[in-house]
Every structure is written in structure tokens, then in C-alpha cells.
Amino acid sequence: MMTELSLNVLDVAQNSVKAGAGLIEISVVIDTAEDSMVIEIDDDGCGMSGEQLAKVTDPFYTTRETRSVGLGVSFFKQAAEMTGGGFEITSEVGKGTKVKAVFVLSSIDRLPLGDMGSTVETLVVYNAGIDFIYRYRVDEAEFALSTAEMKEVLGGAPLNAPEVVGYIREFLEENTNECNKGKIY
Amino acid sequence: MKTLAELQAIKEKMQGQVNLRDDDKSVRVVVGMATCGIAAGARPVLQAFSDLVQANNLKDVSVTQTGCIGLCQYEPIVEITRPGEEKVTYINMDAGKAKEVVERHLMRGVVMADYTINSSGMAK
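Going down the list, the protein sequences come from chains S and A.
Under the numbering used here, the first sequence has 95 at position 95, and the numbering climbs by one with no breaks.
Under the numbering used here, the second sequence has 51 at position 51, and the numbering climbs by one with no breaks.
Next comes chain A alone, as it looks inside the complex:
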């Protein structure tokens, strides 16, 4: 069994590291995690975003969850807000698309237009 002793070692290693304050995280990734989102596969999407943001050391990105925004048929939905830009709503997400969105949108600023709600033909 894994025990708390290992956590103690991790804590000691972490000490002295400077953490960014939350308000420095100006880019927001919000994943819908209500019944509709979860049933459609939001859990691995949320996990993919948070793992990839960490793996790529994107210190200004925060990954959070939200409830149902009333577009259940398009879940899993991910909203990305970058300072000074309009919010982008990605629909029908999965872990693979999450990887592309992290690499293109979050890291290079290129919106993945094919995955957005505008591509669904639904009026804005």
C-alpha cells in the first residue's frame, strides 16, 4: 500500500518553489461537468487539459469546471478565454481534441475552428 510517508517527501521537495498566484492565470479553460457533460465524456477531457497544461508548463492557464450551460447536446463543452479575445466554445470534445487545442490554441494562439460551436451551424 502507498502511504502518506511518500507525500511528506514530496512536500519537502516542493518547499522553496515559488508558486504563481492565481490571479496571474489570465487564460481560462472551463470544462462543463454537469450530468450531461460527465455522461458525454467530460472527465477524461478535464483530466487531459489539466495534465497537458502541467506537462507543457503553461503557468498562465487555469483549468476549472462549471455546471450545465444548457447546450447538453454539444457536451463535452470547453470554453477558453484569453485576455482581450472573445470566448471560444469548443464542442463534442475528447482527450485527443484536447491535446490539439492545448498545442494550437493555448500554446500558439490558433483557434481550432473546426471544433468550435460555430462549426456546428448553430446560430451564435
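Chain S on its own, in the form it takes in the complex:
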């Protein structure tokens, strides 16, 4: 079990990295009127066959050989379902995979979202060859981070240069705080 949802996002997004994705889109949408938090992770990686897809939320299914259990997707699904929310995963070979987890925001069993900034920073900085779009929304307030846009500004300068990493960290922190308006989700 993960201690915060942002760790589930980091873990599940690693699957997209391994699927050879060129673009990974992550969104967190909090709607207080609807009492929901929706987390989506979409990639354009290699996708999964119907057979694999049917087994992906089975903890005792994995494609890896170093151990015989695969808990990542199962954990994320469980985290959503135990709030009374839902979980959906769709995939097409050669096209990509979409993961959608819906949480009941006010549920006592909903884990805190946690440090999404660290998750996005880790993904972006250590996978500089992959483009990421991250969207964060709380009711009407939202922001987005697009590595393609950042790469355009940077010209050839690397995304993982210390100065740029510092900027990304501040960008995520400041803009998240602004959307949160003093609340912690």
C-alpha cells in the first residue's frame, strides 16, 4: 500500500515509461462541488492486448521476471475503490493506455494526494526524452506543465540541468499552492 496517492501516480506512470511512451499526460482534477478527485494517466506507449488488460489488476500477474507479483496497478485501483470511487483502464496495442481513478474526495478512506510536485519532477527530470503534460485543477483554478513547451524555451539546454530542475520544482510548488488556496488535498 502506498502512503499517498502521488506515489501511486509515480508508480503507474513508470509503466508508461517502460511501455516506450513518447508522451505521458497526467491530470489531477479536484471538484469540491462534485466531491471528487479524478486522476488520469494517459500514454501513447505500446499498449496491452485484451488478455494482458484483463489480468493487469490481478496482483499475481506481472510481466517482470525479478519477482512474481505486480502490485502497482492493483494498489491504485484499491485506493480508488475503497473510497467508493471507481477505476478504469483501457488500452490498445500500438496506441497506448489510459488509466482513470475516481476518488470520493471527502471519504475518510481517501489517502492524501501528497507531494505531486515531487512525483512530476521525478518523472520529468529522469525521463528527459519523454514529453510530459501535467494538469492540476481545483474547481476553477488550474495550471499545466508541458515539457515540450519548456524544451522549446530552453533550445538545446537540458531539462535536467540543476537550474532547470530548481525552476520546475518552484513552478510546481507555487502553482499548486495557488490552486489549493490554503487547503491540503
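Derived by calculation from the structure, the hints in this document are not laboratory data.
Every residue, glycine too, gets a C-beta built ideally from N, C-alpha and C.
Careful: at least some of the hints might be erroneous.
[Stated by the list, open to error] Mimicking DSBU-like on lysine-lysine, the simulated pairs with C-alpha atoms at most 35 Å apart in a straight line are:
1. Lys55/S / Lys98/S
2. Lys183/S / Lys99/A
3. Lys11/A / Lys181/S
[Unchecked claim] Here are the in silico distance ranges between beta carbons for each label pair:
4. Thr64/A / Gly155/S: 43 to 49 Å
5. Ser49/S / Glu85/A: 39 to 45 Å
6. Lys98/S / Asp94/A: 30 to 36 Å
7. Gly156/S / Lys87/A: 41 to 47 Å
8. Ala141/S / Lys59/A: 36 to 42 Å
9. Ile133/S / Lys99/A: 31 to 37 Å
10. Thr63/S / Glu103/A: 34 to 40 Å
11. Thr116/A / Ala141/S: 34 to 40 Å
12. Pro59/S / Arg108/A: 39 to 45 Å
13. Asp31/S / Gln15/A: 41 to 47 Å
[Stated by the list, open to error] One side of the interface only, derived from the structure: several residues of chain S facing chain A at Cβ under 7 Å:
14. Met2
15. Ser118
16. Ile130
17. Phe143
18. Glu174
Position chain A relative to chain S; hints supplied.
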């Protein structure tokens, strides 16, 4: 809101700086970032290593991530390889231990034996 305009300023400041090529980074720090690693707290460990390597200007050190190596009960696991030396596997890491490992092992070449997998009593 913070915008891309600030990134433009950073880029201009960075221009003219010489970057080391990746193959000059002969010391490798590898952090396990599979489900087991992440659940055990690998994210702050990875972040601590990369921040400390930058803060101490250790230009020959690369910090990367890897998947599960099958020793899930010892996560977060960090492997350090220095040229000409045997790989050192640190287990049950946290950000505090990461700081000690950077200061002693990476900066002074002293292996923190108490934190390695050999200290766990497990056969090599």
C-alpha cells in the same frame, strides 16, 4: 502563477556554461524505483541524492533509477559503482542516510558498511 518567462531568463544565464558529457560521469548511483521501492520511500531518497550531488558539485556522479531487482524487503535500495571498485548495495535507505553516503562514500571514498546489504546478514 509562475510562468515560462522565468525559464527563458534561466536559459540565458545558462548559456556559455560548459556541460560535462555524460560519459565523464564515471561514478554511478542507481536508486530502485519500482512499486516496492516507491512504497518503501525511494522517491525522497532519489531526490536527496540528486540534490546533494548537485549541491556538492560532484560532476563525475550520475544519479539514475532502475526497476525491481528482486530484493523488495530491503528497499529503498541504492547501488553505487565507482570505477575499479566492486558495486556497493545500500539497503533500507532514507534521505538522512543518503546524506551520509554522499558525504562519506561519494566524497571521501569510505563505504558506509553498516548500511550495506552485507550488514543484513544475508549471504552475498
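Now the hints, each set against the structure:
Proposed proximity of Lys55/S and Lys98/S is supported: the alpha carbons are some 15 Å apart, at most 35 Å. For a cut-off of 35 Å, the pair hint linking Lys183/S to Lys99/A stands: about 32 Å separates their Cα positions. Restraint check for Lys11/A and Lys181/S: satisfied, since their Cα atoms lie roughly 30 Å apart, inside the 35 Å limit. The beta-carbon spacing between Thr64/A and Gly155/S, approximately 24 Å, falls outside the hinted interval of 43 to 49 Å.
Taken as a hint, the range 39 to 45 Å holds for the pair Ser49/S and Glu85/A, whose Cβ atoms sit roughly 44 Å apart. Between Lys98/S and Asp94/A the CB atoms are about 34 Å apart, so this pair conforms to the stated range of 30 to 36 Å. Between Gly156/S and Lys87/A the C-beta distance comes to about 33 Å, which lies outside the given range of 41 to 47 Å. In this structure the supplied range 36 to 42 Å holds for Ala141/S paired with Lys59/A, their Cβ-Cβ distance being about 40 Å.
For the pair Ile133/S and Lys99/A, the beta carbons lie near 34 Å from each other, so the given range of 31 to 37 Å is met. Checking the proposed 34 to 40 Å range against Thr63/S and Glu103/A shows it holds: the Cβ atoms sit about 39 Å from each other. Restraint check, Thr116/A to Ala141/S: a C-beta distance of roughly 47 Å breaks the suggested window 34 to 40 Å. Checked against the given bound of 39 to 45 Å, the beta carbons of Pro59/S and Arg108/A, roughly 43 Å apart, stay inside it.
Between Asp31/S and Gln15/A the CB atoms are about 43 Å apart, so this pair conforms to the stated range of 41 to 47 Å. Annotation: Met2/S was flagged as interfacial toward chain A, and the flag holds, the nearest CB pair being 6 Å apart, inside 7 Å. Annotation: Ser118/S was flagged as interfacial toward chain A, and the flag holds, the nearest CB pair being 6 Å apart, inside 7 Å. Among the interface hints, the one on Ile130/S is violated; its C-beta lies about 13 Å from the nearest C-beta in chain A, farther than the 7 Å criterion.
For Phe143/S, the suggested interface contact is upheld, since its CB lies about 6 Å from the closest CB of chain A, less than 7 Å. Taking 7 Å as the C-beta cut-off, the interface hint given for Glu174/S holds, the closest approach to chain A being about 5 Å.
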